[in-house]
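Colleague: Going line by line, the protein sequences match chains A and B. Going by the numbering used here, the first residue of the first sequence is number 497, and it counts up by one from there. Going by the numbering used here, the first residue of the second sequence is number 684, and it counts up by one from there.
Warning: the hint list may mix true and false statements.
Residues of chain A placed beyond 12 Å of chain B at every Cβ, according to the derived structure [as the list claims (entries may be wrong)]:
hint, residue
1, Asp557
2, Thr571
3, Asp587
4, Thr615
5, Ser689
6, Tyr697
7, Gln728
8, Thr729
Footprint (simulated), chain B over chain A, 3 or more residues, beta carbon under 8 Å [stated by the list, open to error]:
hint, stretch
9, 516 to 530
10, 635 to 649
11, 735 to 747
Read the hints as simulated data drawn from the structure, not as lab findings. Since the structure is predicted, the reported quantities are computational estimates derived from the model, not experimental observations. Think of the CB as a built atom: it goes at the ideal place given N, C-alpha and C, for glycine as much as any other residue.
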Amino acid sequence: MYAHLKSPRLLALTLACATGCIVGQRGAVEFSAEYPLSEIQALRVALPDTPLSVRGDPLADKLTLNGYWFSVGGTATVAQEHAEVPEFDYDREGGFARLTAVIPIDLRDLIDLEIGEITVPDTLDVELLTGLGNVEVTHITGNVSVDVDAGHIEIDGGDEGVAARARIGNIAIRSPGVMDAVSGEGSIVLVQSGVGGNSVYADAGQGDVRIELTSDANLNLDLHATGDIRVQTSTVSTVSYGSFRREVGNGSVDVHVTAAGNITVVLVDP
Amino acid sequence: MFGRSCLTLALVITPATAVGAPSQPASLVEQPQQSSGTLELYGGREGGALQVRGAGTTAGVDLDPGQTVRMQLPPGSYAITGGGAPTSVVVNPGETARYGLPGSPPSPTIPPPSSVEVKQVKKVKKRGPSRRKSGSKWKRVVAPLVSVVLPGGGQMVNGQVGKGFGMFLGAVSLFAGSSALQNAADPLEGARPGQLSDSFRSELLANAGYGVLTGGLHLLYAGQILDAYRVAAGIEKIKPRKRHRVAVEMNRMASVGYRVGDPAADFYADWNVSLMLQVFKRLSVGVGDISFKSGSFNRLTFQAGPRVHYRVFDRNRLWIGLGAGVILQGSVADAQPEALAIDAPPPGREAAFAAIPYGQADFRYFVLDRWSLNIIPRVSAPFGTRFFRGDAAVPKHAATFELGTGVAVYF
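Kindly produce the complete structure, drawing on both the sequences and the hints.
Modeller: In structure tokens:
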């Protein structure tokens, strides 16, 4: 039918013009920045849609980041002008600091941020907020909190505790601390590291949950699933369906899981 | 022979009564009123069609050879045409005037007809011949309402089962297709690092397909509701209201194009209302593109703007027009970010303004006298950022070709 069209691009253009089309150009500006973190114990990074990769560095004493501002404009000149407008806002109050972006109202939907990497001291408590973007956190020994609308979350560290929320996206956490993960649409994998003994909470609105424990002492298992429930530890072993409750020892270590899918809890070597 | 006889009366001000010969059944004969007179028409050797005009009455009579038809008419002078040269006849109260086609015996020896059949008597409006069959009143209400709820249902109520089923299937297919295209997008596209510009072409195609399908669905949905009413009301001939005062248009202007980040292409839609006044023959001015929109950061956008429109073509049910105007768009949104300090003032609101001049053509196909389905190609280039629904925005100086679909009603 479209044999007379010389290329798929022409086909795309023809179809686009059948419903309208917009002509414009793209622009980009590379950036890098540093912000002091002396006397700062907790850092919040709240940015527009962007993937985030945060790495803890034992030798770092400041926040460093790099990346690109992308933009669109009616002409190449306008697009480049747009890309040069946004800037970061670094604010601090006591031991708390916040990094965010300032974009004028008329450019908010015309600007896209893409962070390359953020480096912070590894002992810092870190809170990450964005809309659309995968988040990866490594080598942070402080507390880690991540909240995204859509994106996969991977956290390795967070010895003082990890909390992760994703409206859409999978969550994978490996931590010796308390883990709390909620995914509206995605699977959750929580892996204890170290000696274990910390509580684990997971809620998967639409997906499976797998939990790997390094200790099964004093467990308080409270599991609810629409699919299978499989528990395989040295003290508890079951295959069930719907819900399962079991307390081991004094029950001081909570393993509370809700999943619209399957739940698997296993014991692994530390 | 007499079965083909046909009498049509067009009553403008004063009703006239057509009667058969005195020898006919009483139901076809009325006693002359004292204030009216009688006009007797004779078909002669070959019969023929006559037009009788005068005293606020217009009547068309088809006479068979040898047939006689009597009409009760208000007194006055009547012009009779169709039997050769126009003839003037005076009808006096209580008297009978006669007119005969060639071959008629001299008056008053016109033989009374043995039989006259009045097959059809219709009342029509002044503007012309009958355009409407009798339609049941309940169907005029029920059929379009059913079509609102169930596409094609109104046609089924009207007894057009096949047509209604076809419209239902068409609407379902368009809806399913557009839904599939809308949901085909990966919600996590753009979450990964890197600009995946290689997906632009496929995203553009998907959005273009979505625009075509939803535009077709809009026209089909509106059209089948109006068609249900048209059939229920028995309207056979559509005569667009050229002399309307006000036109209210409800349109969706749509386009596809690039966007920042991933996905690299987006669908831009702008639902709006326009009010146009016809100030001179074919020329209209008014306010177009009236709409509210919302977006991220509690953004609220209001738009409207002046438009001039001229109808360059109007033949039968199709109108073609040209228009030009400016969309004036104002937006407010939360300023960002809020300062951390306890005593810091709140950030307040931030405002933006854009002007979008445009030129457009419009193709209007009338499905009722006062209702048309519209297709509107438009070219524009914004001064300032133009906001659409959600997070869609077109940057300044971006040449934009939109295709609008919608309906208009004329008063």
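Colleague: Hint by hint, note whether the structure agrees.
Modeller: Here's how the hints hold up against the structure:
1. Every CB of chain B lies more than 12 Å from the CB of aspartate 557 (chain A), the least distance being 21 Å, so the non-interface label holds.
2. The beta carbon of threonine 571 (chain A) is not kept farther than 12 Å from every beta carbon of chain B, the shortest such distance being approximately 5 Å.
3. Non-interface call for aspartate 587 (chain A) relative to chain B: violated, since the shortest CB-CB distance, roughly 5 Å, does not exceed 12 Å.
4. A cut-off of 12 Å between C-beta atoms confirms that threonine 615 (chain A) is not in contact with chain B; the least separation is 16 Å.
5. Distance check for serine 689 (chain A) against chain B: the nearest CB is about 26 Å away, which clears 12 Å, and the non-interface claim stands.
6. No Cβ of chain B comes within 12 Å of the Cβ of tyrosine 697 (chain A); the nearest lies about 24 Å off, and the non-interface call holds.
7. Listed as outside the interface, glutamine 728 (chain A) is consistent with that label: its C-beta sits roughly 31 Å from the nearest C-beta of chain B, beyond the 12 Å cut-off.
8. No beta-carbon of chain B comes within 12 Å of the beta-carbon of threonine 729 (chain A); the shortest separation is about 33 Å.
9. By the rule of at least three residues with a Cβ nearer than 8 Å to a Cβ of chain B, the coverage given for the stretch 516 to 530 of chain A holds, with 6 such residues.
10. Under the rule that three or more residues need a Cβ within less than 8 Å of chain B, the assignment of the stretch 635 to 649 of chain A holds, with 3 such residues.
11. For a cut-off of 8 Å, the count of residues in the stretch 735 to 747 of chain A with a CB near a CB of chain B stands at 0, and the three-residue condition is violated.
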